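Got two chains here, each in a separate frame; can you build the complex from them with the hints?
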Amino acid sequence: MIADILTGALRSGTSVMLASQGELISERAGVINLGTEGCMLAGALGGFATTVWTGNPWLGALAGGLCGMLLSLIHACLVLDRGANQLASGLTLMFFGIGVTAFLGRSFVSEQIVGFNPVPIPVLSDIPVLGEVLFNHDPLTYLSMLLVPALWFVLFRTRIGIILRAAGEREEVLFACGVNPRLVRYAAVLAGGFLAGIGGAQLSVAYTHSWVENMTAGRGVVAVAMVIFAAWRPFRAMLGAYLFGAAQALQLTVQQQGLPISPYFLFMAPYVLTLAALLIVERRKRSSVPEGLSRVFAADADG
Amino acid sequence: MKTEADLLPLSPQAARAVGRLRPARKIGRQIIVILAPFVLYGLFLLYNGVNPWELYVSMVRSAFGDWFGFGETLIKATPILLTGLAAALPARAGLINVGGEGQLAIGALFATMAAVWLLDALPAAAGIPLMLVAGALGGALWAGVTALLKVAGRINETIASLLLNYVAVFLVGYFVHGPLKDPHSFNWPFSPEIARQLRLPVFDGTRLHIGFLLAIAFAVLVWLVLAKTGTGFRIRVLGGNRIAAERAGIRVSLIYAGVLLAAGALAGIAGMIEIAGIEGRLRPTTGATYGYLGFLAAWMAWNHPLRLLLTSFLLGMIAVAGNELEIGSGLPSSSVHMLMALVLFFLMGGARGRKA
Numbered sequence: 001m002i003a004d005i006l007t008g009a010l011r012s013g014t015s016v017m018l019a020s021q022g023e024l025i026s027e028r029a030g031v032i033n034l035g036t037e038g039c040m041l042a043g044a045l046g047g048f049a050t051t052v053w054t055g056n057p058w059l060g061a062l063a064g065g066l067c068g069m070l071l072s073l074i075h076a077c078l079v080l081d082r083g084a085n086q087l088a089s090g091l092t093l094m095f096f097g098i099g100v101t102a103f104l105g106r107s108f109v110s111e112q113i114v115g116f117n118p119v120p121i122p123v124l125s126d127i128p129v130l131g132e133v134l135f136n137h138d139p140l141t142y143l144s145m146l147l148v149p150a151l152w153f154v155l156f157r158t159r160i161g162i163i164l165r166a167a168g169e170r171e172e173v174l175f176a177c178g179v180n181p182r183l184v185r186y187a188a189v190l191a192g193g194f195l196a197g198i199g200g201a202q203l204s205v206a207y208t209h210s211w212v213e214n215m216t217a218g219r220g221v222v223a224v225a226m227v228i229f230a231a232w233r234p235f236r237a238m239l240g241a242y243l244f245g246a247a248q249a250l251q252l253t254v255q256q257q258g259l260p261i262s263p264y265f266l267f268m269a270p271y272v273l274t275l276a277a278l279l280i281v282e283r284r285k286r287s288s289v290p291e292g293l294s295r296v297f298a299a300d301a302d303g
Numbered sequence: 304m305k306t307e308a309d310l311l312p313l314s315p316q317a318a319r320a321v322g323r324l325r326p327a328r329k330i331g332r333q334i335i336v337i338l339a340p341f342v343l344y345g346l347f348l349l350y351n352g353v354n355p356w357e358l359y360v361s362m363v364r365s366a367f368g369d370w371f372g373f374g375e376t377l378i379k380a381t382p383i384l385l386t387g388l389a390a391a392l393p394a395r396a397g398l399i400n401v402g403g404e405g406q407l408a409i410g411a412l413f414a415t416m417a418a419v420w421l422l423d424a425l426p427a428a429a430g431i432p433l434m435l436v437a438g439a440l441g442g443a444l445w446a447g448v449t450a451l452l453k454v455a456g457r458i459n460e461t462i463a464s465l466l467l468n469y470v471a472v473f474l475v476g477y478f479v480h481g482p483l484k485d486p487h488s489f490n491w492p493f494s495p496e497i498a499r500q501l502r503l504p505v506f507d508g509t510r511l512h513i514g515f516l517l518a519i520a521f522a523v524l525v526w527l528v529l530a531k532t533g534t535g536f537r538i539r540v541l542g543g544n545r546i547a548a549e550r551a552g553i554r555v556s557l558i559y560a561g562v563l564l565a566a567g568a569l570a571g572i573a574g575m576i577e578i579a580g581i582e583g584r585l586r587p588t589t590g591a592t593y594g595y596l597g598f599l600a601a602w603m604a605w606n607h608p609l610r611l612l613l614t615s616f617l618l619g620m621i622a623v624a625g626n627e628l629e630i631g632s633g634l635p636s637s638s639v640h641m642l643m644a645l646v647l648f649f650l651m652g653g654a655r656g657r658k659a
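Chains as they are written, first to last, in our numbering: chain A, 1 to 303; chain B, 304 to 659.
No wet-lab data here; the hints were simulated from the structure. Computed from a prediction, not measured in an experiment: that's the story for all the values here. Misleading hints may appear alongside valid ones.
Computed beta-carbon distance windows for the label pairs [as the list claims (entries may be wrong)]:
#	chain 1	residue 1	chain 2	residue 2	range
1	A	152	B	544	33 to 43 Å
2	B	544	A	172	16 to 26 Å
3	B	549	A	255	47 to 57 Å
4	B	530	A	260	52 to 62 Å
5	B	451	A	256	34 to 44 Å
6	A	106	B	520	52 to 62 Å
7	A	106	B	490	20 to 30 Å
Virtual Cβ for every residue (Gly too), placed ideally from N, Cα, C.
Only chain B is shown next, with the shape it has when bound in the complex (with noise of 0.2 Å):
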């Protein structure tokens, strides 16, 4: 790799001295970017009466201090860990898909049907998986809708994906509001509850379910689908040069048909698991934001499936801080997408040297 002191005639200890400034410089910006958002939200915090120190240091305590919190983080990094998949899969095969949002949206519509009208009687061994294949299903109808119209109609996949996760909402709510509604709610817009053994098991001590296990394994799948089979590699080639891909003999459509429905049924197994571990039923607002975190972690990510374990991870525990903030502060939790926004706005802004 030729560096500045190859190309710039300079003495020989200058060179030196500049060969040994760049990784130290580098080192720098690095921890620049980590630090300046979160100096940058401690300002606002403190202009709003809030002490930032005792947030993030109670943030990283929630996050790592005890189970309960440590599980906490990892309820939150589960759906987004899924939803990062959805995003990074097709962005392998060079499609954009931000409907994660509507996927995972479908996904737990889907899953709460299957789950209050048909498997209610069922024993978990059998209703749990196929409450996860419902979802699974609902999640790739969804992106299906979004292949078709990429794949048959030509439409760029990142704008018909983002329009229809209004449209995923909006039906959610019918569901909520009219055919799904729990008699006994009182009027408010929810299902029914499902039947207690349709329930993902619970760590002791936690609320934390196995949930979380199933995302990871489906991140060490996707890793090893496209790092070791051929399929993988088609998808690989296909994001690298589509030109390349065509000649080749590579069936694109196919490919683009292909991955785009994995993820959907990848996002909707998240809206599954947020029934069937967490909320036990389906609300308008289910799942709401996942699906644009996740992409926003695949995209930190590289769209890296193991990497995302990570950057899931983080984005989880931000989010953990964000209902931390609401009860302990008063602030809107809203108020913390401020600060991944920033997160990311800093990662992107250093993204430079990195080949962006």
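With the rest of the complex left out, here is chain A (with noise of 0.2 Å):
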């Protein structure tokens, strides 16, 4: 039974992973961006409809993420170039991407595919236990396990990784060296938004294999707390991902047992969750924010 929520932390949880590392992108260079959830909804629509379509999940996955990074780039344009209020435009993409894919996908809500199945991989997966939690998934969560360590290291061993944080920490040294901290946020808010659109399509290509309106139901706010869960650090938002996949798989373990607890205490989980774990780590430390980043939340509410 715990290899089996483990198996589902995994399974459910990397969508909501895929996304957070994305926001923590975004978020590493001074954006704070609510409009994560938009992306990924748009990401699980196009993600699905290239599928439908080409038969090809690989095809959906790319679709997925250039759908996300497509929406990002509003939020780009209004925060970066017309000084907009991130968490106000934030929230509107949120809300243009509920609207637009529910609008968009009602075609495809009976659709099927076939999209991507769990792929075992050879001789590991033969572990007991631990090689059905971890070497039994779809391709995409392969890659995003791999993405995690590759964006730690980018972040913290390069020199890109050096410029991203400038731009989220002092501008001015981004300036002084040459470097527009303007065109570096939006590259980060448009990979951040490519990110949430792949977790999208994860969800839907790869997870459910289906569309349905509003699919997401919150994960990409909770990618969105993670990152602060997280304290900006890439591993601990893939742990942090994991926890609420594992809410999320418990939940289905307890409905299989017959256990009798009211699905809706279940459904609420993943949600005081993530909550109770924000607790923990704000009562443990402060000021791993972003310098630029805590102005976002610290400023006027009237911007």
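Shown next as structure tokens:
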């Protein structure tokens, strides 16, 4: 049963994990994107539709990423070029994503696809328990696991990472180096949207194999919360996302076992767990917020 | 105010020309900002085989053409106004409350529970105010969780209130599927209908109930408190500069908790009005999206309670158009969210001149 929950944690946590890694890039550069929810939805629908049309889930994942990126472009333009309030713009983007996908997705509700299916890795998947938990997933999940160390390396061990983080901490430094911080932020927001889109596509093409209106149900918001929970560190964001996934998996397991707990309390569990996780982290430590980002939160809410 | 003409070495004639040009360009830009989303959305409708001109005409006609339509717009504007206040009041203290959605839902839940279980036999004069109190209490309780997390747990209130929205929706789901389910509902998830005398009085010939007067009264009240009282002054100082407020001896935590609780109560009242004024029973989707619309209305109104009257009316009008769209042309009503989002995107994009 525990192996079931752990496997499910990875399976249903991957979409949140991809989105949170994307949001992490964006926030490290000083832009918070509450529209991640909208980007995920766009990715879920774009990925699903492309898979229906072409039958190729890889093209679907790519299209999903591009759809998420396209939506995040709106956020980037408004926030970086027009000086709009980041939280208001992000929230509007979330709204826009829900509206657009509900409308365009009407005809895809009853469609069926093959999509991605679990590919057990030879030898490794034969390890008892561990093999089943870690090495029997769809290809996007494997890729997302590789993404985390890669992102960590880029962020903390390369010049690109330093430039990205400088954009979020002190843009004056970048000016002094002759780098345009706005371009860096643009790239970061778009990368974030791309990953959120792939996360959404993972949800529709690999996890549920279907499209339902508003199917992300707050996963994008959770992804944003997970980044804060993770103190802007990739590995912790991964852990947080899998925690969310575990709570989702627990819900399925409890239902299968027929335990007398109302499903609605189980539906709540992941969100409550996310809040609890935030609470623990905030008690422990402050001031890991990228400096540019703390200005967004502290800024006069009039703006 | 310095204009470009003061800074650039221009001939006097040229400077005057620039001076004349600037207001014209400003107005031109405002017009573009207001019209562009409607044009874009019109193109989108055209592509989907709907005549946008007819829709816009019928939108204006249904909002202003007769009393019934005007009433429908006010019905939609009422909860948007209240949840808008729930966003605007904390915003003036520097907090971002996006939890109006959940606070409204829990307010509706409490109001329904009170009406069904406790106030069933009471006359209107006692029952309706008590139901209002129950709704306000529910909303305040839900906002209280955010306030507690913010003040004691130091969790960012934006994230906390957003996450609690999802919890609130599931909580309502639990009650309408469980303890609060109508025994005669043939398994549909909704609560029993509240007693007839607990419904809000309705204006003749419309569905409009007196709830909208209540909402306007609250908007004026919030404005009065913010603009004319010492508490309002302290709230605005805190919103302007937290450190200055701390140095001046303002009790920051107290104000944070206070505005969040008041905001929750306002959104909870919106939930009560939805139950007592419109639906008569609680459904899983009661009041859905009004919380977010309220936040956006507040943002459009620069968190000013009286300007909020205007923006919530505008959003109410678009929301009515959504129903129109669904009935008239078979497009899902959620597609009108796109129009709303487009309006807001262009407002945000065009807002730079006004100190964003």
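message: Flag every earlier hint the structure violates by its number, smallest first.
response: 6
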